[in-house]
Amino acid sequence: MTTALSRGLWACRCCRRLCRPSAGNGSDAERCPRCGATVRPRKPDSLSRTWALLIAAAILYVPANLLPVMQTSSMLGSSRDTIISGVVYFWTSGSPGLALLIFSVSILVPLIKLGALAYLAFNVRRPGAAGPHGLGRLYRVVELAGRWSMLDIFVIALMVGMVRFRTLATIEAGPGAAAFGAVVVLSMLAAASFDPRLLWDASGPSSHEH
Amino acid sequence: MTAAPESGLMACPECDRLHIDLPLRPGEKARCVRCGTVILRSPYWRPDQMLALVMAALIAFLLANACPILELRVQGSISRATLLDAILALWREDRQMVAALVFATGLLAPLADLLAMTALLAAVLTGRRPAYFAPLLRLIQQVRPWGMIEVLMLGVLVSLVKLSHLAQVVPGVALWAFIALTVLLAAVLSYDPRCLWQLPAGRKGAA
Ligand SMILES: [Zn+2]
Ligand SMILES: [Zn+2]
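Going down the list, the protein sequences come from chains A and B. Counting in the numbering used here, the first sequence runs from 1 upward without gaps. Counting in the numbering used here, the second sequence runs from 211 upward without gaps.
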């Protein structure tokens with residue numbers, strides 16, 4: 001099994017050129033000769049950064065789900081919506097498909113993403129039964145799916161912007177929206193700071209080849 | 211640093227496995243033999259065709275942001291807003307963080323991506339490699355994960371359904387522009403600008 005690192009080569013994350021770090025330099029960073037980006041053998045402090053961002057996201061997940069994300073006031077009175085009451089609203093108003101969509105991207109995806117990243121960060125040194133293949137695939141799915149959690153933030157922003165009837169009704173974003181936005185951003189940063197190459201480094205030079 | 215031993219090789223970004231960098235036919239993909247990740251995607255379109263796509267996406271972007279997305283009618287009063295109006299409304303009611311997040315992911319990141327692609331493709335087509343070439347490619351790599359036009363598009367459709375319970379909803383020009391932008395941007399984003407490094411400087415529109 002030949003990896004770039006085992007040949008003493010570092011791959012530029014930006015333009016993918018391989019660089020040979022100058023000998024005796026001893027530093028853990030080089031400048032890419034082609035694009036000028038900083039090149040490192042692996043993402044710096046990958047696991048501690050992932051854990052820190054994950055824990056911050058998990059803490060904010062609680063207020064994101066408990067606090068109202070939207071406050072509607074109209075002549076009929078005012079109401080406060082949390083993420084889950086928004087889902088219930090769609091379910092009871094005859095749009096079960098949309099209710100499922102919002103439930104998946106706003107509640108399930110962040111939860112699964114946080115859980116999966118924690119599992120990856122915890123098992124990175126001993127890939128176990130799933131092996132680096134399974135864990136690598138899990139990482140790719142989690143990295144791609146996370147962005148769809150932004151859906152609720154966009155819906156809130158559009159509702160706030162659209163409903164501007166001074167006398168009839170107004171909609172305001174609630175504090176839960178800020179917390180939820182932070183969860184999405186922090187979990188995206190956590191996924192970006194995890195280095196999937198660590199999964200394979202741990203499996204060592206022993207095959208796993210197709 | 212020396213150039214000799216590492217040229218002609220590339221590493222898988224997911225597992226670091228070394229591969230020999232063979233030329234691909236247009237539209238072909240190369241997968242890692244160890245983990246299966248797509249490590250190289252040869253562009254289906256030539257740079258001049260790409261530039262036309264990017265310009266079309268920029269026009270759709272302008273329309274999508276300059277025109278109202280929807281128009282609401284309740285008892286004779288009308289309310290309409292563009293995406294920027296929605297962001298400003300959030301900002302004014304002290305949700306600056308949410309406003310900044312929507313601005314960055316729905317507006318700024320896609321715009322920066324499209325403008326950087328325009329400059330890069332124009333440079334390649336004129337056969338030059340100007341000083342801004344590398345910084346712009348770095349910018350695209352940084353910005354691309356944060357552009358979320360396709361999620362915003364879905365958000366527009368969901369809020370359309372949600373608002374139709376409250377009022378009469380008339381779709382605006384920007385709604386169609388957003389749909390066009392989502393399709394065009396999907397094509398633009400499938401183009402990995404890193405392949406521009408492979409095009410020899412000084413040659414026009416290499417296939
Ligand atoms: Zn580079
Ligand atoms: Zn691989």
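No lab work stands behind these hints, which were simulated from the structure alone. All values derive from a computational prediction rather than experimental measurement. One thing to keep in mind: the hints can contain errors.
Per the computed footprint, the stretches of chain A lying under chain B, defined by three or more beta-carbons under 8 Å from a beta-carbon of chain B, are [claimed, not checked]:
#: 1; stretch: 35-49
#: 2; stretch: 57-65
#: 3; stretch: 108-116
#: 4; stretch: 119-125
In silico lysine to any residue, SDA-like type, Cα no more than 25 Å apart, as pairs [as the list claims (entries may be wrong)]:
#: 5; chain 1: B; residue 1: Lys239; chain 2: A; residue 2: Asp28
#: 6; chain 1: A; residue 1: Lys43; chain 2: A; residue 2: Ala182
#: 7; chain 1: B; residue 1: Lys239; chain 2: A; residue 2: Leu138
#: 8; chain 1: B; residue 1: Lys239; chain 2: A; residue 2: Ala182
#: 9; chain 1: A; residue 1: Lys43; chain 2: B; residue 2: Ser217
#: 10; chain 1: B; residue 1: Lys239; chain 2: B; residue 2: Gly382
#: 11; chain 1: A; residue 1: Lys43; chain 2: B; residue 2: Arg354
#: 12; chain 1: A; residue 1: Lys43; chain 2: A; residue 2: Asp28
Every residue gets a Cβ at the ideal spot worked out from N, C-alpha and C, and that includes glycine.
The hints, checked one at a time:
{"no.": "1", "hint": "35-49", "verdict": "holds (count 3)"}
{"no.": "2", "hint": "57-65", "verdict": "violated (count 0)"}
{"no.": "3", "hint": "108-116", "verdict": "violated (count 0)"}
{"no.": "4", "hint": "119-125", "verdict": "violated (count 0)"}
{"no.": "5", "hint": "B/Lys239 with A/Asp28", "verdict": "violated, 32 Å"}
{"no.": "6", "hint": "A/Lys43 with A/Ala182", "verdict": "holds, 23 Å"}
{"no.": "7", "hint": "B/Lys239 with A/Leu138", "verdict": "holds, 21 Å"}
{"no.": "8", "hint": "B/Lys239 with A/Ala182", "verdict": "violated, 35 Å"}
{"no.": "9", "hint": "A/Lys43 with B/Ser217", "verdict": "holds, 22 Å"}
{"no.": "10", "hint": "B/Lys239 with B/Gly382", "verdict": "violated, 39 Å"}
{"no.": "11", "hint": "A/Lys43 with B/Arg354", "verdict": "holds, 19 Å"}
{"no.": "12", "hint": "A/Lys43 with A/Asp28", "verdict": "holds, 10 Å"}
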